[in-house]
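*Asks:* Whole structure, please, built from the sequences with the hints as guidance.
Protein chains: 6
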Amino acid sequence: MHIRLINPNTTASMTAKIGEAAARVAAAGTQTSACNPLAGPVSIESHFDEAISAIGVLEEIRRGETENIDAYIIACFGDPGLLAARELSPAPVIGIAEAAFHLATLISTRFSIVTTLGRTCIIAEHLLQSYGFAHHCRRVRAAEIPVLDLEDDGACALDRIIEECRRARDEDGVGAIVLGCGGMADLTAQIRDAVGLPIVEGVTAAVKLAESLVSLGLQTSKHGDLAFPRPKQFTGHFDYLSA
Amino acid sequence: MHIRLINPNTTASMTAKIGEAAARVAAAGTQTSACNPLAGPVSIESHFDEAISAIGVLEEIRRGETENIDAYIIACFGDPGLLAARELSPAPVIGIAEAAFHLATLISTRFSIVTTLGRTCIIAEHLLQSYGFAHHCRRVRAAEIPVLDLEDDGACALDRIIEECRRARDEDGVGAIVLGCGGMADLTAQIRDAVGLPIVEGVTAAVKLAESLVSLGLQTSKHGDLAFPRPKQFTGHFDYLSA
Amino acid sequence: MHIRLINPNTTASMTAKIGEAAARVAAAGTQTSACNPLAGPVSIESHFDEAISAIGVLEEIRRGETENIDAYIIACFGDPGLLAARELSPAPVIGIAEAAFHLATLISTRFSIVTTLGRTCIIAEHLLQSYGFAHHCRRVRAAEIPVLDLEDDGACALDRIIEECRRARDEDGVGAIVLGCGGMADLTAQIRDAVGLPIVEGVTAAVKLAESLVSLGLQTSKHGDLAFPRPKQFTGHFDYLSA
Amino acid sequence: MHIRLINPNTTASMTAKIGEAAARVAAAGTQTSACNPLAGPVSIESHFDEAISAIGVLEEIRRGETENIDAYIIACFGDPGLLAARELSPAPVIGIAEAAFHLATLISTRFSIVTTLGRTCIIAEHLLQSYGFAHHCRRVRAAEIPVLDLEDDGACALDRIIEECRRARDEDGVGAIVLGCGGMADLTAQIRDAVGLPIVEGVTAAVKLAESLVSLGLQTSKHGDLAFPRPKQFTGHFDYLSA
Amino acid sequence: MHIRLINPNTTASMTAKIGEAAARVAAAGTQTSACNPLAGPVSIESHFDEAISAIGVLEEIRRGETENIDAYIIACFGDPGLLAARELSPAPVIGIAEAAFHLATLISTRFSIVTTLGRTCIIAEHLLQSYGFAHHCRRVRAAEIPVLDLEDDGACALDRIIEECRRARDEDGVGAIVLGCGGMADLTAQIRDAVGLPIVEGVTAAVKLAESLVSLGLQTSKHGDLAFPRPKQFTGHFDYLSA
Amino acid sequence: MHIRLINPNTTASMTAKIGEAAARVAAAGTQTSACNPLAGPVSIESHFDEAISAIGVLEEIRRGETENIDAYIIACFGDPGLLAARELSPAPVIGIAEAAFHLATLISTRFSIVTTLGRTCIIAEHLLQSYGFAHHCRRVRAAEIPVLDLEDDGACALDRIIEECRRARDEDGVGAIVLGCGGMADLTAQIRDAVGLPIVEGVTAAVKLAESLVSLGLQTSKHGDLAFPRPKQFTGHFDYLSA
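Protein sequence lines, in the order shown, are assigned to chains V, E, B, S, W and G.
For the first sequence, the residue numbers in our numbering are 1 to 243.
For the second sequence, the residue numbers in our numbering are 1 to 243.
For the third sequence, the residue numbers in our numbering are 1 to 243.
For the fourth sequence, the residue numbers in our numbering are 1 to 243.
For the fifth sequence, the residue numbers in our numbering are 1 to 243.
For the sixth sequence, the residue numbers in our numbering are 1 to 243.
Some hints could be false.
Identical chains blur together in the list; that is why a pair holds if it fits in one copy or across any two.
Unchecked claim - Lysine to aspartate or glutamate pairs mimicking DMTMM-like chemistry, simulated, CA-CA at most 20 Å apart:
(1) Lys232 <-> Asp149
(2) Lys222 <-> Asp193
(3) Lys222 <-> Asp170
(4) Lys222 <-> Glu65
(5) Lys232 <-> Glu65
(6) Lys222 <-> Asp70
(7) Lys222 <-> Glu171
(8) Lys222 <-> Asp172
(9) Lys222 <-> Glu144
(10) Lys232 <-> Asp152
(11) Lys222 <-> Glu125
(12) Lys232 <-> Glu151
(13) Lys232 <-> Glu144
Read the hints as simulated data drawn from the structure, not as lab findings.
*Replies:* Right, dumping it as structure tokens:
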């Protein structure tokens, strides 16, 4: 089984980090590989960044379809391009936000999210509502760290995340915390040890859900809503997408 | 006041039709102009088409920002790229789906939607839920017409739409019908006459909402969730977006 | 186009203020006129006041029907008598609360409301739930000002409203604020300048929505739920309503 | 204990019927009396009729306050004027729609409503949503009988109600049926016998809930939302309401 | 009419207290009796305690069915075994949590709950959501008192409950408070006097709802969801349940 | 890793079937074992059966805690005793209904459920609402097969299930179907082949989710709502539970 992790931003160090996090938890028979688009934002911190990054995600899905990929993971907490990606392949596609939400509800009755910047909280809120998890989440919190600060060596970002997670633990009445950024994938153990609550991280959660679906032979339904896109013409620099 | 209508697909005849529909209802002092991206799908009938088209929408917003545009309309019923577009400009941006939903609730207690293909009904369902209008809508119906059939001369598409609208009228217990495709903008009067219910069409609805916001001096809030995207680097062929 | 603003309370100075606010934003071809019932409460600060005021609203609608009115606005933030008013006329009827909610969602992802008295917050909460905007509103706040204090010359009421709006801005995580009383229609600009957020005011919002519907030829649906009331006998001092 | 039933319409035969239904189920120590306003609609079949009837309801509450009434029942299925009535008295006020919904959920997991005219179904839908019972109700059905047909001797109305109740039983997957009109209060036993399901009727349900609250010493809270209306001036023919 | 109160825990002093509270509010013709299972937890403070206690509740229902009981009350705030109990008898079965919620919404627009331990708040939250009362409840609060402390003579528990109720009154914007434990049934008057808000207590509320249903001849529907369980074999020490 | 499957009913052939289904999909390093309580119903087709079966489930969890079990699965579609079971162990506990819902939303936008008897549909409805999946599920359907008919050799049950699944496919607008009974675990492939849609079966889904949580080191949170039950006395034949 080959799971392809797509980091929707173009920061190679984050792609590597995501790939390592995935490899660490992959089952014996699972091959993982991580990639990022050549073109796109170096970090995703707005709806705009997300929309641009979706193109790269879809490109990577298309490329994956030529490589016998068994499942894809979209490794950005806004799950950019998720439903479009599902249309492009019968292979399962999983977003790290949805993955984290699903697993968090299996080990706690209520959770909080700790994400990077306050301005991206609304993205998590929209996903919670759309997926059906709004009443399981007590609060979406921001540590107010730009995403790329997670790539710096200093422990400052980690400290701020731990501080915010402790506030969630003490004030929100929750049993678990969801980390709201793919770039936090290497910090899970440290945060868990410092906070003392189960910490659900999306990249690793998504790897296990992808393995789950593949090993059960469950693929994205091609009956109805997520069928392959109808073949059609694309114009201009998107001409290569024409059928 | 200059309102720019962005047809997210690249079919010029549909852009012209949308522009004409807008011009017909624009107020005396309102200038309208319609455009479509150079690159993108000729029609939007899937989440994939929508994701690709969002890039074109955002390009057109960026172009508009150099032309003193006062408000933008995204003239595809899935409102592709809406929140991202709002980040790019202080000028209001309105989707034709949301516009139609808003006005429909002002003239009826319950409405149904008649859209093109069954596979796009899910897009309308998601928007209804996200915007808060789910309980106002009785049913999302498809006439099972590919979008570009609306560009053909024959009356076949119109007949099928009218037939489905009549079913909505007779079976759904609704007071109004929302047309679920920008390409139906020129058919509103004929459908209304044939069905005998108020027919809410999104392009024209959005023009009036755009005029409303502009004349009240209400612009997209730049405080918080919809602030301008943080300046950052974009790589590859998106490099031109770098700040 | 003639838009009639109905102030549901009987305080003439507030009616004048509402009329002026409407006239200021009306389009070139729009005539606006403001009225209030002869009989009713001088201010509306309870469900009781609201129920009594609804009679006056309906009387004014009935009167308007003899005067070729094209659209009506119910200029009290509880939208008293809204659905009943819609039954009485094919002309659109718009409440200022719903108008403000609709426009606020077009320029921000989340808003708060600042209203007069704490005891009327529940009215706004019920409207948010019924209209479908509950999840767009973070908080309903009261400045604890009796409505008629808004008619006094002193700036005390304005100061308190600004103070509460600033709290909403700083504590609620919102992009816009909705003013929760028709009597605040003249304060919008001052509040906006002092608070630095888009301020959505219902009277002006409703004027633009009314113009929108009229210019699109959209009238209240007479098919089903909002059809004219069935003719019947009314007894006692309501005998004049008998058909 | 004296429970006052207020029939919001002015049809004396219906008031008598409601009074008899109440008396039949009242406890040993409970005195019941039924009244209707002098002025108002002879039946309530629209939002307009409802708004007018609310005045009569409130008048009757005010009159009741001079007569040591212990609890009030608003005996029309739209619960007209309910929250306003609660403000006017510390004595509990109960609507027959809410009463029926409450009891129906205690004896079944899901119920359907059978009401008079299709155009009033929307009123029941709004109440279900506002009260929180929307997911307990499978369907709101209309027998398409004008309210005053219930006052005729012929069995035609009864037949149609039974027919619609049987459809609910056979098609809706429900355990109980709620009768959606105060004028059906005398038909409960016949309907139950013909349909074979528990039939929940609002007038009788409300009497028992009123007895329940009074015997527990529970009165409408005067802390906050339902406090007595602030004293103020009313103008015109409502001048008698001035404090 | 004979109402049987089932205390799901096995603490006889609490059973007695519940029985006395019920007897105090029972109508003239109502006989009440209280019992508790022989086997089960001495208090219920977790989902586990609840699951075990449900067996005792069901045993007591089965025993009651041989004694001509007219209605049952499950006197623990989690309503353990409620739907199962309803299947076992045509006689109405009422939980004290649902009873309190129903009556609280009749006298206030919003309420808060004050329960014993923080860990049981989630049980109340789940019930509010399932029953449909989530939006009527502002907050679920815990006084952090183990249930059996309510059986001690000292006033310490009472003081803490009053303190928490006062916080609810001052901070939550509510009109009434629901007591979240059957063991508080004897404290209602003292709490009400100390807090100055209507206090809704579930045991007493349930007695009146039971009387209401019985006197109306309304029994648990045996059509569909709550029909008697299908006869079948039970194995092991549950063999006595076999049909 | 050792996953223990608990069949909450006492029918050994169904336990064996569940065990085989689990073993078939377990990963290389995963040991699975299936058990059922000694005491309890031979099938679960009502809330009553469910409540009784929960005791057996909890007994089996307690027994498992002495055997170094890494995760538990409750293999009945009502997820009986789920939250109580989570309190008893730090090891994850997963219900087959929730497991199926989670995976179904990852491969389709909307699904339907096909379960055994109509009377148990309400159990699925309650779970969908509580877990947050209500809007993902179009319809809960029953094949009207008693659970133990699934243990018979004849193909009659399979035929009826396939027939109902085909109706779901053709009428409900869904992309996947969830099988609503643990006893269908051996039929998944045949149903999938006959229906042509992805079929999500809960036993197999739960095994993969259990593996996922264990391999990520995620255990049930013992902070707050799902902490171990407070030690206390149990009386009568539950005395062995006393701490």
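*Asks:* Each hint needs a verdict: does it hold in this structure or not?
*Replies:* To see whether the hints hold, each was checked on the structure:
For the identical chains of this complex, Lys232 and Asp149 are inter-copy neighbours only, at 13 Å across copies versus 42 Å inside a copy, given an alpha-carbon limit of 20 Å. In this assembly of identical chains, the alpha carbons of Lys222 and Asp193 lie at most 20 Å apart only when taken from different copies (14 Å versus 43 Å within one copy). For the homomeric pair Lys222 and Asp170, the shortest alpha-carbon distance between copies (14 Å) is at most 20 Å, but the shortest distance inside one copy (45 Å) is not. In this assembly of identical chains, Lys222 and Glu65 lie within 20 Å of each other by CA distance solely inside one copy; the values are 15 Å within and 40 Å between copies.
For the homomeric pair Lys232 and Glu65, the shortest alpha-carbon distance inside one copy (19 Å) is at most 20 Å, but the shortest distance between copies (31 Å) is not. Taking CA atoms no more than 20 Å apart as the test, Lys222 paired with Asp70 passes inside one copy only; the shortest distance there is 16 Å, against 36 Å between copies. In this assembly of identical chains, Lys222 and Glu171 lie within 20 Å of each other by CA distance solely across copies; the values are 16 Å between and 44 Å within a copy. Taking the closest pair of Cα atoms, Lys222 and Asp172 come within 20 Å of each other only across two copies (15 Å); inside a single copy the shortest separation is 41 Å, beyond that limit.
Taking CA atoms no more than 20 Å apart as the test, Lys222 paired with Glu144 passes between copies only; the shortest distance there is 18 Å, against 40 Å inside one copy. Proximity of Lys232 and Asp152 under a CA criterion of 20 Å is satisfied inter-copy only: 16 Å between copies versus 44 Å inside one chain copy. Taking the shortest alpha-carbon separations for Lys222 and Glu125, only the inter-copy value of 19 Å comes in at or below 20 Å, while the best intra-copy value is 28 Å. Within a single copy, Lys232 and Glu151 get their C-alpha atoms only as close as 41 Å, which misses the 20 Å cut-off; across copies the closest is 15 Å, which meets it.
For the homomeric pair Lys232 and Glu144, the shortest alpha-carbon distance between copies (17 Å) is at most 20 Å, but the shortest distance inside one copy (43 Å) is not.
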